[in-house]
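Student: Given next are the chains, with one letter for each unit.
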Amino acid sequence: MTPAPVLSIRGLTKTYASGLQALKSVDLDIGRGEIFALLGPNGAGKTTLISIVCGLVTPSTGEIQAAGHDIVRDYRRARSKIGLVPQELYTDAFERVIDTVTFSRGVFGRSRNPAYVEKVLRDLSLWDKRNEKIKELSGGMKRRVMIAKALSHEPEILFLDEPTAGVDVELRRDMWNLVRQLRESGVTIILTTHYIEEAEEMADRVGVIRKGELILVEEKTKLMQKLGKKQLTLNLSDPMTAIPAELAEWKLAIQADGNELLYTFDATAERTGIPSLLRRMSDLGIGFKDLHTRESSLEDIFVDLVTERNAA
Amino acid sequence: MSASVFNAHGVWAIYKFEMHRFKRTLWTGLAVPVITTSLYFVVFGSAIGSRMTEINGIPYGSFIVPGLMMLSLFTESIFNASFGIHMPRFTGTIYEILSAPLSALETVLGYVGAAATKSMTVALVILLTANLFVDVHVEHPFLMLLFLILIAATFCLFGFIVGIWAKGFEQLQVIPLLVVTPLTFLGGSFYSIEMLPEPWRTITLFNPIVYLINGFRWTFFGTSDVPVLWSLLATSAFFLICLAVVFWIFRTGYRLKS
Ligand SMILES: Nc1ncnc2c1ncn2[C@@H]1O[C@H](COP(=O)(O)OP(=O)(O)OP(=O)(O)O)[C@@H](O)[C@H]1O
Ligand SMILES: [Mg+2]
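Protein chains in written order, with the working numbering: chain A, 1 to 312; chain B, 1001 to 1258.
Possibly wrong hints are sitting among the right ones.
Listed below are the simulated DSS-like cross-link pairs for lysine-lysine, each with C-alpha atoms no more than 30 angstroms apart in a straight line [claimed, not checked]: (1) A:Lys230 to A:Lys251; (2) A:Lys24 to B:Lys1257; (3) B:Lys1257 to A:Lys211; (4) B:Lys1167 to A:Lys133; (5) A:Lys129 to B:Lys1016; (6) A:Lys229 to A:Lys251; (7) A:Lys133 to B:Lys1023; (8) A:Lys142 to B:Lys1016; (9) A:Lys81 to B:Lys1016; (10) A:Lys135 to B:Lys1023; (11) B:Lys1016 to A:Lys119; (12) A:Lys142 to B:Lys1257; (13) A:Lys142 to B:Lys1167; (14) A:Lys142 to B:Lys1023; (15) A:Lys129 to A:Lys81; (16) A:Lys211 to A:Lys81; (17) A:Lys220 to A:Lys24; (18) B:Lys1016 to B:Lys1167; (19) A:Lys81 to A:Lys135; (20) B:Lys1167 to B:Lys1257; (21) B:Lys1167 to B:Lys1023; (22) A:Lys230 to A:Lys220; (23) A:Lys211 to A:Lys230.
Facing chain B, according to a computed beta carbon distance under 8 angstroms, are these residues of chain A, among others [claimed, not checked]: (24) Ala17; (25) Gly55; (26) Leu56; (27) Val57; (28) Arg73; (29) Tyr75; (30) Ser80; (31) Glu88; (32) Asp92; (33) Ser111; (34) Lys149.
Since the hints were derived computationally from the structure, they do not count as laboratory data. C-beta: ideal position from N, C-alpha, C; glycine also.
Excised from the complex, chain A in its bound form (with noise of 0.2 angstroms):
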C-alpha cells in the first residue's frame, strides 16, 4: 500500500524562452519519508525540475502539490515545507555562518529559535565555525552550509540538487549518513546525481530521467532484481535467422546478425535452465563455438536506457 504522496507533479512540462524544451511532461509521485533519486547525463532537465518545484522557475504546463498545498496558488505553505540545497554554491561571502543560518530561518517565515539553528550546525559539524565567514570556509564546509540553511527552516521535503558533485570521500559518507537520519526523522529526500552507486546506495526509488523524459521510476529493490539478471551468449556455429520451436521456452534473442544467441536467466533462481538449453540444442544439432556469462548492472540498464531511445 502506498501512502499518499508528499510531492505530487502531474503533466509538468518546461519550455525555456530559447525555445528549448527542458522538461517533456513529467508525471511523478513521492511518498512521504522516502529517498528519492534522480538519475540522468548532463542537462536531462534535472536541475529543471527541482528548479519548479521550489520556484525559481516558472513551469510552461502542468500541476504540482508539495505537502498537499499546490505550489503556485498556496505557494506560501508549499514553499515553507521546502528547503533546497541547490547544485552550485551560492553564498554570502562575508557573512558568519551562524548569522546566515538564521536568515534562512527567517525568511522562510520562522521564529528565531536558536537552540535548533546550534543542533542543525551541530549535525554538521559546523558548530566550531559558527563565528567564521562564509568566504573563510572551504568548499567542502560551503556546502555544508548551504546544507544547513535548507535545513534551517525544519523542511518536510528536502532537495539535493548533486549534493556529492565534488566532494570527499568522507564528506560524501557523511552526506550519505545525514539523508538516512534525516529520513529517520521524517524528512523526504530527492537528490538528484550522476553516480548509480550513490543512488544504490540511498535511495529506496530510483527515476531515470532523460532528454526532459521519466524514462523510468523503480523501487531500487526491484533494479536489484534486475540487476540479479544475468546473460548467456552463444557465438553460434551457423548463423541463424529464426529460433527454432523448441527453444521458445527460453525466450532468447537472437544478436549480431544471427552469429549470437542470448538467453537472460535469474542467478539467484534455483534452476538456471542452461543445461537444459545446451542439452536441448545439442539434440537440435545447433552447434557453438564460445559462450559466456555477464551480469547487467544497474549502469547497464541505464546505458540501455538512454542510448535505445536515443535511437528512437
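Mind docking chain B with the ligands on chain A? Use the hints.
Tutor: Just chain B with the ligands, lined up with the frame of chain A:
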C-alpha cells in the same frame, strides 16, 4: 501574525541582513555626507553665497540645505536599493529569496525598507551637519518627514527596479549618473527656477525633480516655485508608477525567473 498570511519574520530577516551590510561600512557611509556637506558650504555658502545673499528672502546657505538633502537622498536611495537586490542576483544567493514563502510586497518591504532607512539617515545627517554652518529652521517638520519618507521610498523602489534591470555593475551606475544627478542639478536644487530666463524656466517645469525639490523646500521655508499640491501629486505619482513596475516584475518574474 501567522506566516501563512504575512511573512513578518521574512521581512525582518531581509531588513536586518541589509542593515547589517550597511553597518559594515557605517563610518565611511556617514563620513562621506558630513564631508561633502561641509565642502558644499565652504564652496557654495562662502564663495558664491557671499555674492548671492538671498533667494526669495531666504539666506542662500539655508536655501540650499533641502536641495543638498534631496541630492543625497536620490543617489543614496538608488544606489543602496539597486545594489541590495543586484548583489544576490550576481552571487546567485537570490535562489533563497525566490524559493522562500515571501510575497512581492514582503520582499520589497525588506529590501526597500532597509535602503530607505539608510538614505533617510544620510539625509538627516546632512541636515544636522548643515546646522553647524547655517541656521535651518523647518517650518513643517511633520510634512518634511512625510516628504522625506515618500521620496526615499520612491527612489528606493526605483533603485530596486534598476538593480533587477541591470545586467552588470556598470549599468547600476548609469541611471543615477546620467539621469538623476543631471536632473537634480538642473531641477533647482541650488537655485530658484524663477531666476532662470525663458525658455529655460518653462523647460525646467518638465523636469519632475523640480516638483520633488520644491515640495521638500516648502516644508522648510513655506515658499516654493510650484504649487505644493503639485509637488505632492508628482511625488505620489512617481511612487505609484515605481510600485506598479515592481509588482509587474514579480508577477512576470522579469529577470528573476526563467
Ligand atoms: N535558464 C535557462 N535558459 C535556457 N535553457 C536552460 C536554462 N537552464 C537550463 N537550460 C537548459 O535546459 C536543459 C536542462 O538543464 P538542467 O540544468 O535542468 O539539466 P541537469 O539535468 O540538471 O544537468 P546537470 O547534470 O548538468 O546538472 C539543458 O539543455 C540546459 O542547457
Ligand atoms: Mg543540474
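Student: All the hints need checking, so say for each whether the structure fits it.
Tutor: Structure-based check of all given hints:
For the suggested pair A:Lys230 and A:Lys251, the alpha carbons sit about 14 angstroms apart, so the restraint of at most 30 angstroms is met. With a C-alpha separation of about 19 angstroms, the suggested pair A:Lys24 and B:Lys1257 falls inside the 30 angstroms cut-off, and the hint holds. Of the supplied pair hints, the one linking B:Lys1257 and A:Lys211 holds, its CA atoms being roughly 21 angstroms apart against a limit of 30 angstroms. Taking the CA atoms of B:Lys1167 and A:Lys133, the gap is near 27 angstroms; set against the 30 angstroms cutoff, the hint holds.
Proposed proximity of A:Lys129 and B:Lys1016 is supported: the alpha carbons are some 22 angstroms apart, at most 30 angstroms. Distance restraint check for A:Lys229 and A:Lys251: the Cα-Cα separation of roughly 14 angstroms lies within the 30 angstroms cut-off, and the hinted pair is therefore satisfied. Restraint check for A:Lys133 and B:Lys1023: the C-alpha separation of about 16 angstroms stays at or below 30 angstroms, so the hint holds. A threshold of 30 angstroms between alpha carbons decides the hint, and for A:Lys142 with B:Lys1016 the separation of about 22 angstroms falls inside it, so the pair holds.
Taken as a hint, the A:Lys81 and B:Lys1016 pair is honoured in the structure, with Cα atoms around 24 angstroms apart against an allowance of 30 angstroms. For the hint linking A:Lys135 to B:Lys1023, the alpha-carbon distance of about 19 angstroms falls within 30 angstroms, and the restraint holds. Restraint check for B:Lys1016 and A:Lys119: satisfied, since their Cα atoms lie roughly 23 angstroms apart, inside the 30 angstroms limit. A threshold of 30 angstroms between alpha carbons decides the hint, and for A:Lys142 with B:Lys1257 the separation of about 25 angstroms falls inside it, so the pair holds.
Distance hint between A:Lys142 and B:Lys1167 is fulfilled; the C-alpha atoms sit about 27 angstroms from each other, no more than 30 angstroms. At roughly 24 angstroms between alpha-carbon atoms, A:Lys142 and B:Lys1023 fall within 30 angstroms of each other, so this suggested pair holds. The straight-line distance between the Cα atoms of A:Lys129 and A:Lys81 is roughly 27 angstroms, inside the 30 angstroms bound, and the hint therefore holds. Restraint check: the Cα-Cα separation between A:Lys211 and A:Lys81 comes to about 29 angstroms, which is no more than 30 angstroms; the hinted pair holds.
Annotation: proposed proximity of A:Lys220 to A:Lys24 holds, straight-line Cα distance about 24 angstroms (limit 30 angstroms). At roughly 26 angstroms between alpha-carbon atoms, B:Lys1016 and B:Lys1167 fall within 30 angstroms of each other, so this suggested pair holds. A C-alpha spacing of about 29 angstroms is found between A:Lys81 and A:Lys135, which places the hinted pair at or below 30 angstroms, so the restraint holds. Proximity of B:Lys1167 to B:Lys1257 is assessed by CA-CA distance (about 14 angstroms); at most 30 angstroms being required, the pair is judged to hold.
The hinted pair formed by B:Lys1167 and B:Lys1023 meets the criterion: a straight-line CA distance of about 26 angstroms does not exceed 30 angstroms. Between the alpha carbons of A:Lys230 and A:Lys220 the distance comes to roughly 18 angstroms, so the proposed pair stays at or under 30 angstroms and holds. Between the alpha carbons of A:Lys211 and A:Lys230 the distance comes to roughly 29 angstroms, so the proposed pair stays at or under 30 angstroms and holds. Contact between A:Ala17 and chain B, as hinted, is supported at the beta carbon level, the nearest pair being about 7 angstroms apart and thus within 8 angstroms.
Of the supplied interface hints, the one on A:Gly55 holds, with its beta-carbon coming within about 5 angstroms of a beta-carbon of chain B, less than 8 angstroms. The beta carbon of A:Leu56 comes within 5 angstroms of a beta carbon in chain B, closer than 8 angstroms, and the hint placing it at the interface holds. Checking A:Val57 against chain B: minimum C-beta separation of about 5 angstroms stays under 8 angstroms; hint holds. Given hint, A:Arg73 at the interface with chain B, is violated; its Cβ is 13 angstroms from that chain's nearest Cβ, farther than 8 angstroms.
Annotation: interface hint on A:Tyr75 holds; nearest CB of chain B at approximately 7 angstroms, less than 8 angstroms. For A:Ser80, the suggested interface contact is upheld, since its CB lies about 5 angstroms from the closest CB of chain B, less than 8 angstroms. Interface restraint check for A:Glu88: the shortest CB-CB distance to chain B comes to about 6 angstroms, inside 8 angstroms, so the restraint holds. Because the beta carbon of A:Asp92 sits about 6 angstroms from the nearest beta carbon in chain B, less than 8 angstroms, this interface hint is met.
About 6 angstroms separates the beta-carbon of A:Ser111 from the nearest beta-carbon of chain B, less than 8 angstroms, and the hint is met. The interface hint given for A:Lys149 is met, as the beta carbon of that residue sits about 7 angstroms from the closest beta carbon of chain B, less than 8 angstroms.
In terms of the numbered hints stated before, the structure departs from hint 28 and from no other.
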